[in-house]
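Enquirer: For reference, the chains in residue letters:
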Amino acid sequence: MRKYLLKRIFYLFLTLFIVATVTFFLMKLMPGTPLQNEAKLTASEKASILAQYGLDKPVWLQYFIYIGGIFKGSLGLSFQFSDQAVSYLIGSRMGPSMQLGGQALLVGVVLGIILGAIGAIRKDTWADRLATILSILGIAVPSFVLAILLQYYLGLKVQLFPVAGWSGFTYTILPTLALAASPLAETARFIRTDMVDVLSSDYIELAKAKGLSKFGIVYHHALRNSLIPMVTLIGPLAAALMTGSMVVENIFSVPGIGEQFVKSILVNDYPTIMGVTIFYSALLCLLLLLTDIVYGIIDPRIRLSGNGD
Amino acid sequence: MNLKTAAKVTVVAGASLLFLAACGSNKSGSTGSTKQVATIAQKSELPTMDISKSTDVTSSTALNNTNEGLYRIGKDSAITPGIAKATKITNGGKTYTFTLRKNAKWSNGDKVTAHDFVYGWQRTVNPKTASQYAYLYSGIKNADAIVNGKKAVSTLGIKAEGNYKLVVTLDHPISYFKKLMGFVNFFPQNEKTVKKYGSKYGTTSTAMVYNGPYKMSGWTGTNLTWKLTKNKDYWDAKNVKMQTINFQVVKDNSTGLNLFNSNKLDDAILSGTQVKSYKTNKNFVLRKVASTFYVEYNRKASNSTVAKAFKNAKIREAMSLAINRKQFVNDVLADGSTVSKGYVSSDLAKSPINGKDFADDAYVKNSVTYDMTKAKKLYKEGLKEIGAKSLNIKLLSDDTDGAKKTTEYIQGQWQKLGNLKVTNQNVPFKTRLQRSQNGNFDTVISAWSADFTDPISFLSLFTSDNSYNNGRYNSSTFDNYIKAAEGKDANDTKARWTDMVNAEKTLMKDTGVAPIYQQTEAHLVRTNLKGIIYNTAGVQYNYKYMYVK
Numbered sequence: 182m183r184k185y186l187l188k189r190i191f192y193l194f195l196t197l198f199i200v201a202t203v204t205f206f207l208m209k210l211m212p213g214t215p216l217q218n219e220a221k222l223t224a225s226e227k228a229s230i231l232a233q234y235g236l237d238k239p240v241w242l243q244y245f246i247y248i249g250g251i252f253k254g255s256l257g258l259s260f261q262f263s264d265q266a267v268s269y270l271i272g273s274r275m276g277p278s279m280q281l282g283g284q285a286l287l288v289g290v291v292l293g294i295i296l297g298a299i300g301a302i303r304k305d306t307w308a309d310r311l312a313t314i315l316s317i318l319g320i321a322v323p324s325f326v327l328a329i330l331l332q333y334y335l336g337l338k339v340q341l342f343p344v345a346g347w348s349g350f351t352y353t354i355l356p357t358l359a360l361a362a363s364p365l366a367e368t369a370r371f372i373r374t375d376m377v378d379v380l381s382s383d384y385i386e387l388a389k390a391k392g393l394s395k396f397g398i399v400y401h402h403a404l405r406n407s408l409i410p411m412v413t414l415i416g417p418l419a420a421a422l423m424t425g426s427m428v429v430e431n432i433f434s435v436p437g438i439g440e441q442f443v444k445s446i447l448v449n450d451y452p453t454i455m456g457v458t459i460f461y462s463a464l465l466c467l468l469l470l471l472t473d474i475v476y477g478i479i480d481p482r483i484r485l486s487g488n489g490d
Numbered sequence: 114m115n116l117k118t119a120a121k122v123t124v125v126a127g128a129s130l131l132f133l134a135a136c137g138s139n140k141s142g143s144t145g146s147t148k149q150v151a152t153i154a155q156k157s158e159l160p161t162m163d164i165s166k167s168t169d170v171t172s173s174t175a176l177n178n179t180n181e182g183l184y185r186i187g188k189d190s191a192i193t194p195g196i197a198k199a200t201k202i203t204n205g206g207k208t209y210t211f212t213l214r215k216n217a218k219w220s221n222g223d224k225v226t227a228h229d230f231v232y233g234w235q236r237t238v239n240p241k242t243a244s245q246y247a248y249l250y251s252g253i254k255n256a257d258a259i260v261n262g263k264k265a266v267s268t269l270g271i272k273a274e275g276n277y278k279l280v281v282t283l284d285h286p287i288s289y290f291k292k293l294m295g296f297v298n299f300f301p302q303n304e305k306t307v308k309k310y311g312s313k314y315g316t317t318s319t320a321m322v323y324n325g326p327y328k329m330s331g332w333t334g335t336n337l338t339w340k341l342t343k344n345k346d347y348w349d350a351k352n353v354k355m356q357t358i359n360f361q362v363v364k365d366n367s368t369g370l371n372l373f374n375s376n377k378l379d380d381a382i383l384s385g386t387q388v389k390s391y392k393t394n395k396n397f398v399l400r401k402v403a404s405t406f407y408v409e410y411n412r413k414a415s416n417s418t419v420a421k422a423f424k425n426a427k428i429r430e431a432m433s434l435a436i437n438r439k440q441f442v443n444d445v446l447a448d449g450s451t452v453s454k455g456y457v458s459s460d461l462a463k464s465p466i467n468g469k470d471f472a473d474d475a476y477v478k479n480s481v482t483y484d485m486t487k488a489k490k491l492y493k494e495g496l497k498e499i500g501a502k503s504l505n506i507k508l509l510s511d512d513t514d515g516a517k518k519t520t521e522y523i524q525g526q527w528q529k530l531g532n533l534k535v536t537n538q539n540v541p542f543k544t545r546l547q548r549s550q551n552g553n554f555d556t557v558i559s560a561w562s563a564d565f566t567d568p569i570s571f572l573s574l575f576t577s578d579n580s581y582n583n584g585r586y587n588s589s590t591f592d593n594y595i596k597a598a599e600g601k602d603a604n605d606t607k608a609r610w611t612d613m614v615n616a617e618k619t620l621m622k623d624t625g626v627a628p629i630y631q632q633t634e635a636h637l638v639r640t641n642l643k644g645i646i647y648n649t650a651g652v653q654y655n656y657k658y659m660y661v662k
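Protein sequence lines, in the order shown, are assigned to chains S and U.
With the numbering used here applied, the first sequence has no gaps in its numbers, which climb one by one up to 490 at the end.
With the numbering used here applied, the second sequence has no gaps in its numbers, which climb one by one up to 662 at the end.
With the rest of the complex left out, here is chain U (with noise of 0.2 Å):
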């Protein structure tokens, strides 16, 4: 065989395995016993199991099934019972007095008192804990105080009135109080075990007890495996049916899908470019995130020019007309984004007055259609009444693959008004942060994820005197609004909720914002893996009633 011939069959072979490569099938099995096991992936390692510290999706998973609060959020956010068997809700919202169930355990055995919340709550607020989620304990006495290191820990609202009774005191009514009894942060610490651990508290499964549904077990602090295991002694454990639920981390969604198809994973997440070719898979399950990509218009950007067209309401309007989300989010992202509706974000809550989502309740016909004509027309109005001739804007954003492919399209769309040169800027995460809060920008794309299932998580930035409404959007209709919802109306669900909406059509109607898009997050799930309860923020997932059929 000489040089030649060996290259050739080189060749053949090479093509022939790309061939084989192509042709590979899908094939997804089924587990095929009703063992109460299953395995979910992970996008990135558990950072940590410290109730005072989690912040990310991994923390809050673990967290949420291994622990419990008050109340344990259920199916669209419902409030299900938790530690407390009884709430009283007295002086005009302002206390709310609970009262412990006396068969919650800790998994050393003691009992789940009203100290262990009192203790868990001080210890979050502490200035020394440094926690990143302490801001949500805003509005419960004192908290702000303490944060900042003013006050006394002492001094926060809460208090045990024996083992089993908890009072909370509030500064002002909090129309969410309940739905932030169920966020991991307000969950109760045992003091005993916090101590012993001392620094290394919720650095492993070992150095960390448990009050929930599983026990989880496996993790050394850094390793890519965990395990949860039901909790005989969880006061519900009745109701629980998995017997173990391992998570794997899985960072390369393509080693996911191999995973899933050898049956190795039962919930595995895909990555846009899978999302295509999986869209009509049995197993494919897209769950929406409340999360909302947009565009700010800074009416006090450096150049006076920008500035004072970004406070020209037809310009504004005009370049949210020119984004043709539709065709952005099917052809140019393509990973099963959804377009918005709204500011806020779609399936995060229910109206109690009609039950409809509060995206079609509060939705503003045509503020996020497409249609060049109009928007050409209000461009060339809106350059006449600020007296220019023709405008130069730079589009801030994050240097992401999907960051460019969207000012990429923006851009393209913008400059099709004519009379617009639009410069695309786009830097690190860190740098964009930065600059947005330094109001260093024309227009910049900025994402906002709910903390918790309330419309207010979301509204509640663009008030004039929020330090996160980077690009200075003033209206007083909309600041009364809000103001009414978090204050005169805060105790009526149903009040609450009409000023929600108008806050919400103000600023659509205004484009205060130009919302794009929504993020949405595919996975495979297994068919016979029932009983996964996802909410779109918050603690996102509630494994309790998880079966495998």
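So here's chain S without its partners, still in its complex pose (with noise of 0.2 Å):
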């Protein structure tokens, strides 16, 4: 176990080493500069504030620079908020994301469970066919309609939930549905897959025979087996999530990460695009790695070992 976790902390590393260096020629193949005021300033003004930047060396150089201020713990600063330190932008707007990211899961994957099970157990019956309707709803209906819907009719309407902004727990309530209805989605829809194969099994019928009870036997055996291959969903579930929506952060004003992304590779800031990037990829190694571990932990017939047998 040991031996692997070793491992896979190595390959970690050389991952996120190889993330960051494919991303830092593609970034500098983008036309342009870093500069808000680009359109106003002549040939010789632009190379001037360049040069205070270092970004007048040659792209190598830059490279190497960058990637030893990382071994120094330095993200670098921010060009669109001016001076900010990168490491201080991730980490401020980290946290909105990631609880709504979280939540969002939470929501989604319990009633998600929920959902599928009942689809299951009463198989072919009106609570199944909603449920996968349901289901079915919150594949196809985008989460910026959703969001959108909701904060129309919850929102204005009702006046049930603030209709966006960012200053306490009521506030993430509908950002948190919006984004819940995916995952909630395909969550049930595994589960009931699942379990339908479950539930028609031997050892079922054999629990049924001991006369154990209703509840006893999905809880005990067939949700509990149907929740293994779970775990490989939820992992990639959480990294999509906790990253930050775009749309769904514009929608609800949410100071959260992913529209930031997007907008550092727009207006070429070059130290959040890889700020971000090289944490983004490491979120996503480490839950990954996360989902193994559990993986193990959880199912007997899996065993982790250094060797790769």
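Hint data in this document are derived by calculation from the structure and do not stem from the laboratory.
A portion of the hints provided could be inaccurate.
Said to hold, decoys possible - Where chain S lies over chain U, by a calculated footprint (3+ residues, C-beta under 8 Å):
| id | segment |
| --- | --- |
| 1 | 249–263 |
| 2 | 418–431 |
| 3 | 615–626 |
Claimed, not checked - Taking lysine-lysine and the PhoX-like style, the derived pairs with C-alpha atoms no more than 25 Å apart in a straight line are:
| id | chain 1 | residue 1 | chain 2 | residue 2 |
| --- | --- | --- | --- | --- |
| 4 | U | K263 | S | K444 |
| 5 | S | K444 | U | K478 |
| 6 | U | K309 | U | K345 |
| 7 | S | K253 | U | K507 |
| 8 | U | K502 | U | K518 |
| 9 | S | K444 | U | K517 |
| 10 | U | K413 | U | K478 |
| 11 | U | K518 | S | K227 |
| 12 | U | K389 | S | K338 |
| 13 | S | K221 | U | K413 |
| 14 | S | K238 | U | K263 |
| 15 | U | K507 | U | K345 |
| 16 | U | K543 | S | K238 |
In this text, all values refer to a predicted model and were calculated from it rather than measured experimentally.
For each residue, glycine too, the CB sits at the ideal point set by N, CA and C.
Join the two chains, each given in its own frame, into one complex according to the hints.
Expert: Okay, structure coming up:
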């Protein structure tokens, strides 16, 4: 296990290094400069400002300076937020995105499991069909459409929740719901399919024959077995949700990281692009590693070893 | 219930939801109380509060209302008193002596002195600061040399004589110098605060000091809300009525509308598509922006036939006449933009002679009108003059939705001239900029917005040696008018105005460029929110006299 972990962590850093390198050179291929006032500056003014930021140096040298900075623990200063440290920018913008992502994941997965289980137990009844329709809607309706509808009806018309903004828990409810729809649907579909399989297997028949209660069978035997493959699903889902949704964040005026990342690319804010890319990659790698470890713990058939066998 | 019934129920439910959405009324309520509080939407995050580094509307709005320079820009760009109490202009307009008021204070308790101006200005032109607006200092003694690193910062033409007397020396008279003094990059800076916070200066509302009508709080450097509260130590605090102005960044305009309708916003920004349905709303306000979109013809295009064609005045005029600007603005863009009357935007500056708006004063008849018959005739004659049978040109522009609509429309109109094939090239903004500046285009749709409310901010672009004159418009008549306005007539406001009017008329008669439209920004502003001072360029928003009725 220890050997395995060390190996995985080594690969994690290798991956991050490759991601950083590729991103750096791709980013430098983009036209333009990070100057906000570019349209109004003459060539010599531009050159002198860029020199102040070291952007006049050859790209390979800039690369080594940047990588060197990372080893010293600095992600540099943002251009669009003049002089703001990128680490501070990511730190303060990541919080809301992670909170929304976490809440959406929790709501989506829990409700999804319940919905999926109901569908499987009451297979081919109206309850099953309702659950199926809900999960199809959840996948078919994009989160931003849902966001706009939620904002308009629950925010403006019924005035149940704030329309937009970020100053307390009530402000997180609508964006959480908008983001939760898709994980809810995916989980529900997944659990239903898997449980229908499990419920028709021999050991369930045996449990029934033993006279166990229906709840006991479903909870102890069927659901638990179905949850194991769910772990594979949750890893990527968590990564997707926690890295922030640009559209939902914009609609609810949430100070999240999703939109910042897109904007940093549009305005050539090199240090922010790099910082956020590295951070996203690290988050994804960690979640995948965690998924594998959890898999090994809950499913005794899977053994983690450093030898690849 | 079988599957069919379930599906039907879902369809009906879904349809009624949509129906409800369509019928939803957009009542706008009123705040109902006279508490002096308002919330204003901002399009984007506040990137900085550093006076030397501000380049955008959000930061200049925040800085202009929390800080103050020698003057404050008032209604219709009038120069109103700021930190300067009296001004003496000597030496043929090359020396300005400002006497500062003694009751101006910083929020840290310090007095605002002449040294703060010297320090702030020197900091902005210092190449190490990398200010992107340092070029506005051009004309102040040694500024250009300092910005280019050729002279020491201390040689800048600004000197403090005692604590309350400031002497500024210019290389040559600058007719709009007083207006510049109301621009945020010329505001004073408190050395103690800048040194105290070092690289963190201006990155949060606490790492900053204020001397204006309001103080800022609640800005963490990256969040989407901040607050201005009345500054009791401001020298003119008795004339400031607002207690609190909240700012909320709203990036999605339908969110802005919902916030406005639920009374969470008092000034919301509308998008182009919302303009049509809110035009008649009592809260609707259309704010013109000093920004003109125009076609540039490249007289040095790589294709020699094209270059020759664009040197021909008839062809340039024909292509301008072929554009039905009214139809384009009303039916294609439909976002509240207005047809340009000329290259210099409307509502920018008023004549010192007769009070007329510059765009009206310099209007050249038929220069921005639509006349396809005449256009076709001129085009035919033009082709004959250059000895060509047909033209094949490229039209360069941005890749945004608006830009694509624009190029498609213009392409269609131009091709109606006959024997003219137009290929559209929609590229990202930065690429368009690069290609324009390198002269790598046939025709390009450019946009220019004025830095300050003086026509020269537009006109200086098209002197034959200007680096933004992408199409290489070259007219000695035009050059001479600009030279006179910037030189011999710089101290004579009326003569200078006439020079600028003549320059604009020359440019338009030559069809040096073909102006198309002027940008506007549509807002919903609560009708009881009064006293907002808005200008089309420079520091656009002055909330000093704002109040809730």
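Enquirer: All the hints need checking, so say for each whether the structure fits it.
Expert: Hints versus structure:
1. A stretch counts as covered by a chain when three or more of its residues have a beta carbon under 8 Å from one of that chain; for the segment 249–263 of chain U and chain S the count is 3, and the coverage holds.
2. Under the rule that three or more residues need a Cβ within less than 8 Å of chain S, the assignment of the segment 418–431 of chain U is violated, with 0 such residues.
3. Figure legend: the segment 615–626 of chain U, annotated as covered by chain S; annotation inconsistent (0 residues with Cβ-Cβ distances under 8 Å, at least 3 required).
4. Between the alpha carbons of K263 (chain U) and K444 (chain S) the distance comes to roughly 36 Å, so the proposed pair goes past 25 Å and is violated.
5. A distance of roughly 43 Å separates the Cα atoms of K444 (chain S) and K478 (chain U); the hinted pair therefore is violated under the 25 Å criterion.
6. This hinted pair checks out: K309 (chain U) and K345 (chain U) have alpha carbons roughly 24 Å apart, not beyond 25 Å.
7. Taking the CA atoms of K253 (chain S) and K507 (chain U), the gap is near 50 Å; set against the 25 Å cutoff, the hint is violated.
8. A distance of roughly 29 Å separates the Cα atoms of K502 (chain U) and K518 (chain U); the hinted pair therefore is violated under the 25 Å criterion.
9. Note on K444 (chain S) and K517 (chain U): the hinted pairing holds, with a Cα-Cα distance of about 21 Å set against a maximum of 25 Å.
10. Of the pairs offered as hints, the one joining K413 (chain U) and K478 (chain U) is violated, with about 28 Å between alpha carbons and a cut-off of 25 Å exceeded.
11. For the suggested pair K518 (chain U) and K227 (chain S), the alpha carbons sit about 31 Å apart, so the restraint of at most 25 Å is broken.
12. For a cut-off of 25 Å, the pair hint linking K389 (chain U) to K338 (chain S) stands: about 23 Å separates their Cα positions.
13. Under the criterion of a C-alpha separation no larger than 25 Å, the hint pairing K221 (chain S) with K413 (chain U) is consistent with the structure, at around 22 Å.
14. Straight-line distance between C-alpha atoms of K238 (chain S) and K263 (chain U) comes to about 21 Å, which keeps the hinted pair within the 25 Å bound.
15. Annotation: proposed proximity of K507 (chain U) to K345 (chain U) is violated, straight-line Cα distance about 59 Å (limit 25 Å).
16. Taken as a hint, the K543 (chain U) and K238 (chain S) pair is honoured in the structure, with Cα atoms around 20 Å apart against an allowance of 25 Å.
The structure fails to meet hints 2, 3, 4, 5, 7, 8, 10, 11, 15 from the earlier list, while all remaining hints are met.
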